[in-house]
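Chains as they are written, first to last, in the numbering used here: chain A, 6 to 496; chain B, 2 to 479.
No lab work stands behind these hints: they were computed from the structure.
There could be a bad hint or two in this list.
[What the hints assert, rightly or not] Straight-line Cα separation of at most 30 Å, DSS-like style, residue types lysine-lysine; simulated pairs:
1. B:Lys133 - A:Lys349
2. A:Lys341 - B:Lys83
3. B:Lys133 - A:Lys341
4. A:Lys254 - A:Lys114
5. B:Lys218 - B:Lys118
6. A:Lys381 - B:Lys79
7. B:Lys133 - A:Lys92
8. B:Lys83 - A:Lys344
9. B:Lys394 - B:Lys314
10. A:Lys381 - B:Lys133
11. B:Lys295 - B:Lys22
12. B:Lys285 - A:Lys249
13. A:Lys395 - A:Lys344
14. B:Lys79 - A:Lys395
15. A:Lys338 - B:Lys295
16. A:Lys249 - A:Lys19
17. B:Lys101 - A:Lys464
18. A:Lys360 - B:Lys394
19. A:Lys349 - B:Lys285
20. A:Lys344 - B:Lys133
21. B:Lys79 - A:Lys249
22. A:Lys98 - B:Lys133
23. B:Lys260 - A:Lys344
24. A:Lys89 - B:Lys133
25. A:Lys292 - A:Lys254
26. B:Lys314 - B:Lys58
27. B:Lys101 - A:Lys381
28. A:Lys380 - B:Lys205
29. B:Lys58 - A:Lys338
30. A:Lys344 - B:Lys22
31. A:Lys98 - B:Lys218
32. B:Lys79 - A:Lys380
33. A:Lys89 - B:Lys22
34. B:Lys133 - A:Lys360
35. B:Lys101 - A:Lys380
36. B:Lys83 - A:Lys381
37. B:Lys218 - A:Lys341
38. A:Lys464 - B:Lys285
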Amino acid sequence: MDITELTVHELQEKLKNKELTSYDITKAYVDRIEEKEKDVQAFVTTLENEALEKASKIEEERKSGEVGIFTGIPIGIKDNICTKGVKTTCSSKMLENFVSPYDATVVEKLNKERIINLGKLNMDEFAMGGSTEYSYFKKTRNPWDLNKVPGGSSGGSAAAVAANMVPWALGSDTGGSIRQPASFCGVVGLKPTYGLVSRYGLVAFASSLDQIGPITKDVYDSAMLLNIITGHDERDTTSRNIEKKDYTKALKNDVKGLKIGVPKEFFGEGINEEVKEKLEEAIETYKELGAEIEEFSLDIAKYSLATYYIIACAEASSNLGRFDGIRYGYRAKEFKDLKDLYRKSRSEGFGEEVKRRIILGTYVLSSGYYDAYYKKAQQVRTLVMNEFNKAFQKYDVILTPTSPTVAFDIGSKSNNPLEMYLADICTVSVNIAGLPGISVPCGVDKKGMPIGMQLIGNKFEEETILNAAYTFEQKIKFRENYKPTFRKGEK
Amino acid sequence: MAREDYEVVIGLEVHAELSTKTKIFCSCPTSFGASPNTHVCPICMAMPGTLPVLNEKVVEYAVRAGLATECTISQDSKNDRKNYFYPDLPKAYQISQYDKPLCEHGKIEIEPSTGRKAVGITRIHIEEDAGKLNHDDFGRGSLVDLNRAGVPLIEIVSEPDLRSSEEVDLYLRKLKSILEYIEVSDCKMQEGSLRADVNVSIRKKGAKEFGTRTEMKNMNSFRSITRAIEYEIDRQVDVIDNGGKIEQETLRWDEVSGKTFSMRDKEDAQDYRYFPDPDLVAIKLSDEYIENIKNTLPELPESRKQRYLTEYKLSEKDANIITSSKYLSDLFEGASKICNNPKAVNNWIISDISRILNETEMDPVEIPFDSKQLAKLVQLIDKGTISSSIAKKVLVEMFEHPRDPEDIIDEKGWVQISDEGAIKEVVLKVLENNPKSVEDYKAGKEKALGFLVGQAMKETRGKANPQMLNQMFKEELK
Chain A
6 MDITELTVHE
16 LQEKLKNKEL
26 TSYDITKAYV
36 DRIEEKEKDV
46 QAFVTTLENE
56 ALEKASKIEE
66 ERKSGEVGIF
76 TGIPIGIKDN
86 ICTKGVKTTC
96 SSKMLENFVS
106 PYDATVVEKL
116 NKERIINLGK
126 LNMDEFAMGG
136 STEYSYFKKT
146 RNPWDLNKVP
156 GGSSGGSAAA
166 VAANMVPWAL
176 GSDTGGSIRQ
186 PASFCGVVGL
196 KPTYGLVSRY
206 GLVAFASSLD
216 QIGPITKDVY
226 DSAMLLNIIT
236 GHDERDTTSR
246 NIEKKDYTKA
256 LKNDVKGLKI
266 GVPKEFFGEG
276 INEEVKEKLE
286 EAIETYKELG
296 AEIEEFSLDI
306 AKYSLATYYI
316 IACAEASSNL
326 GRFDGIRYGY
336 RAKEFKDLKD
346 LYRKSRSEGF
356 GEEVKRRIIL
366 GTYVLSSGYY
376 DAYYKKAQQV
386 RTLVMNEFNK
396 AFQKYDVILT
406 PTSPTVAFDI
416 GSKSNNPLEM
426 YLADICTVSV
436 NIAGLPGISV
446 PCGVDKKGMP
456 IGMQLIGNKF
466 EEETILNAAY
476 TFEQKIKFRE
486 NYKPTFRKGE
496 K
Chain B
2 MAREDYEVVI
12 GLEVHAELST
22 KTKIFCSCPT
32 SFGASPNTHV
42 CPICMAMPGT
52 LPVLNEKVVE
62 YAVRAGLATE
72 CTISQDSKND
82 RKNYFYPDLP
92 KAYQISQYDK
102 PLCEHGKIEI
112 EPSTGRKAVG
122 ITRIHIEEDA
132 GKLNHDDFGR
142 GSLVDLNRAG
152 VPLIEIVSEP
162 DLRSSEEVDL
172 YLRKLKSILE
182 YIEVSDCKMQ
192 EGSLRADVNV
202 SIRKKGAKEF
212 GTRTEMKNMN
222 SFRSITRAIE
232 YEIDRQVDVI
242 DNGGKIEQET
252 LRWDEVSGKT
262 FSMRDKEDAQ
272 DYRYFPDPDL
282 VAIKLSDEYI
292 ENIKNTLPEL
302 PESRKQRYLT
312 EYKLSEKDAN
322 IITSSKYLSD
332 LFEGASKICN
342 NPKAVNNWII
352 SDISRILNET
362 EMDPVEIPFD
372 SKQLAKLVQL
382 IDKGTISSSI
392 AKKVLVEMFE
402 HPRDPEDIID
412 EKGWVQISDE
422 GAIKEVVLKV
432 LENNPKSVED
442 YKAGKEKALG
452 FLVGQAMKET
462 RGKANPQMLN
472 QMFKEELK
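Here chain A stands alone, though its shape is the one from the complex (with noise of 0.2 Å):
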């Protein structure tokens, strides 16, 4: 048995018969690491030695006492996501040493489950970006083809759990930051409503539409890990004060009669064809399965990236605003006066893709643009939130492409910033309004990268979604029928 195949619901039930320890397991995931992290560069920090002791702790006392369903099970956490004690970087020369005093609102929640850290993930600088090339340390390699990207900006996340080397992964996603990597990797990955996950300890890069998600191996795994982190939490008062749901009591394997809408504007111009086939395979699926399916216009759509890029820019532009050389993070060494320290610290301590984004911030909301840019965008955001009301009054679920193409090669893109974008252009209109949103592989290319499917649902009503891509993913089997193999593609 190679524990580290298995999802997180199939490792508890090996805790439960005493077939494995919490040693056993953690063990093995370190070793995973040490085998597959040269190739894949998925971690900017690891804990293995800190993860095994704690193992050990917790296998004493599990022979002494009744221990939680999640004691013991590792996990990987995106290096956005503070940590107490253990370096928080966003991976940015910003924040190299940078070790925050408190644990972020969804780590002290993994903590109390006594889950174990295994080391913090790769991600494009303060998650800005689409494939992890923007990581100051390193490029993280797709386990699918090492010459391709992870997706990003969540790419270590992603490919951490599609190579093994994590159960499962906490990841954000702020445009796509969760589901574009999770489609590049062949994983699952969940963005929640905005407000159903406190954000409260996540580095802000766009507060707005920032949520944290998690990244799984199944749906079921990914329908645990949001039991786990979501709540109102006091600290954040955007987050929603609802009821508490078990989620995973919502997979029925079951959508019949499910309403599921197709905008056609996102199989149209720019979608590669073999993820339109895909898509349509699946959507052939969902006809066998019970589904209702009907497709419809989402004009609104069209706008979505341009007022992305204006609303996350612009806040992106405040937030990281604190990043000044002054109380933490990297201070340039010389300087002549205070504009200096100023001008070095954030020149020399920030990416190009990060300045290029605080300068478009900073351009819309100045003075004399603020109401053809900002304002405009705000309003915009207002007509996309209404549309998407129209169609979840008709349909259960809206269904989508995660990505427009697959996983593409390491450089291809990075010095094409408007070609980056365009990565986002299926996934961040669920953040501009608020939406849940799960990207599920639904088969792989010609060439055997996964594509992946996006299933979007109407607030707060992730249990639809995931019931959808439960049901779909029990159908398909993807993970009996295809795996990474960590082969060197050719370019």
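Knowing the structure of chain A, use the given hints to seat chain B on it.
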């Protein structure tokens, strides 16, 4: 042209620190004077990933201030970010309010020598204070103290309705007393919990357009404000009379030289890039909420003053002085109730206490004794335990080394001598030593009696009962 040919136009932005126990967006204490960076947490230090949570008390206090200045309270308000870089501003933005302040369109009435008038309040909004830079004490570089970062403020913006430094002074004093009365700010100016940005411009009398204004920031003493305004008016008149133009700029008032200096050049004109803070939800207030606050507002200075005129028969002038400060006013009412001698309490406050406050530049809130102790002082005179001249010394002692007046009298041995035998002894001694004065008195010079009493007081180091002395001298000299 002469200064009289110009009209002065002044508007104020007053920042008042609210006296909430905790900061505006975290639960750190707000108290003043702690060691640097001890009243801080990840939130007010702007550690990555932290989020603000609005302290509801701050909203309540601001609404109280709005209601007390006759503002309209907005039921739909929000927080905005004001972005700029400075080491005392850890997030690189200040959470403030931009286009939807909590309170708008209020007024405060003042009574300058030119007659009663209303000064418009444009708006009152909530925001967070910045930290403090310590520049001087550390050789190279500056150190940042973030204790004050996140202390709640209200900014009270007046209309440009003020026409003289006198009006500014009256407006500020009135505003200060209102904020004290409704207990939203302790208004300690020396600690910076009340400070004003003063915008001054001049225009030819009768002109419709405003002149270009200059701004003097962070003024925190009444005296400096008056001096600075007077200086600035003269300077502007001078510039214009000499054919110059007033530059719109920020000025720094230098107390020592008595001049204003330019602080920033225009190139640095800041674009604060205000936008709604996405970390905070909108502030929605119900009618009921506002009504509840309205019902708990205490008696305001104006109404107290009217009551003092009728209830205590104070003069208008005295009532104005006493009600100008809630602390003086509470001291007056408290002491009067205990000793049942409001006239005497009034006299103490108006004369000796006010004089000491002035001389020491002390704010009434810093008076180190309470109404019970002041009442005791009055009672001690009324009972003849001490003379009023001794009482003055006791009062000074109460300011300098605060303790009960009885204890002071005991320790100092200042109890009045009212024993007839002892008084007689002194009187006889003085008469024997001053035959000239005795003659004078007998010759009809009434003044000589005063001299003799004075001698007797000197002899007893002020402790003899003056009425008894008077009486006894008169008897002996019959």
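Given pair status - lysine 341 of chain A, lysine 218 of chain B, alpha carbons within 30 Å | Holds, at roughly 27 Å.
Taking 30 Å as the top limit, are the C-alpha atoms of lysine 83 of chain B and lysine 381 of chain A close enough?
-> Roughly 20 Å separates the two Cα atoms, so the pair holds.
Quickly compare the C-alpha distance for lysine 338 of chain A and lysine 295 of chain B to 30 Å and report which way the hint goes.
-> Since the Cα atoms of lysine 338 of chain A and lysine 295 of chain B sit roughly 56 Å apart, the hinted pair is violated (cutoff 30 Å).
Holds or violated: lysine 464 of chain A with lysine 285 of chain B, Cα cutoff 30 Å?
-> Holds, because 23 Å separates the two Cα atoms, which is no more than 30 Å.
Is lysine 79 of chain B close enough to lysine 380 of chain A, meaning Cα to Cα at most 30 Å?
-> holds, 16 Å
Compare the distance between the alpha carbons of lysine 133 of chain B and lysine 349 of chain A with 30 Å, and conclude whether the hinted pair is satisfied.
-> Holds, at about 23 Å.
Lysine 381 of chain A and lysine 79 of chain B: Cα distance at most 30 Å?
-> Satisfied, since the Cα-Cα distance of roughly 19 Å is no more than 30 Å.
Holds or violated: lysine 218 of chain B to lysine 118 of chain B, with C-alpha atoms at most 30 Å apart | Within the cut-off at roughly 25 Å; holds.
Quick one, are lysine 254 of chain A and lysine 114 of chain A close enough, alpha carbons at most 30 Å?
-> Distance of about 20 Å is within 30 Å: holds.
Measure nothing beyond the straight line between the CA atoms of lysine 341 of chain A and lysine 83 of chain B; if it is 30 Å or shorter, mark the hint as holding.
-> Holds: lysine 341 of chain A and lysine 83 of chain B sit about 26 Å apart, inside 30 Å.
Verify the proposed pairing of lysine 58 of chain B with lysine 338 of chain A, using a straight-line Cα cut of 30 Å.
-> Given pair lysine 58 of chain B, lysine 338 of chain A is violated - Cα atoms ~43 Å apart, limit 30 Å.
Could you grab the alpha-carbon distance between lysine 395 of chain A and lysine 344 of chain A and see if it respects the 30 Å cut-off?
-> violated, 50 Å
In summary, the numbered hints that this structure violates are 10, 13, 15, 18, 19, 26, 28, 29, 30, 31.
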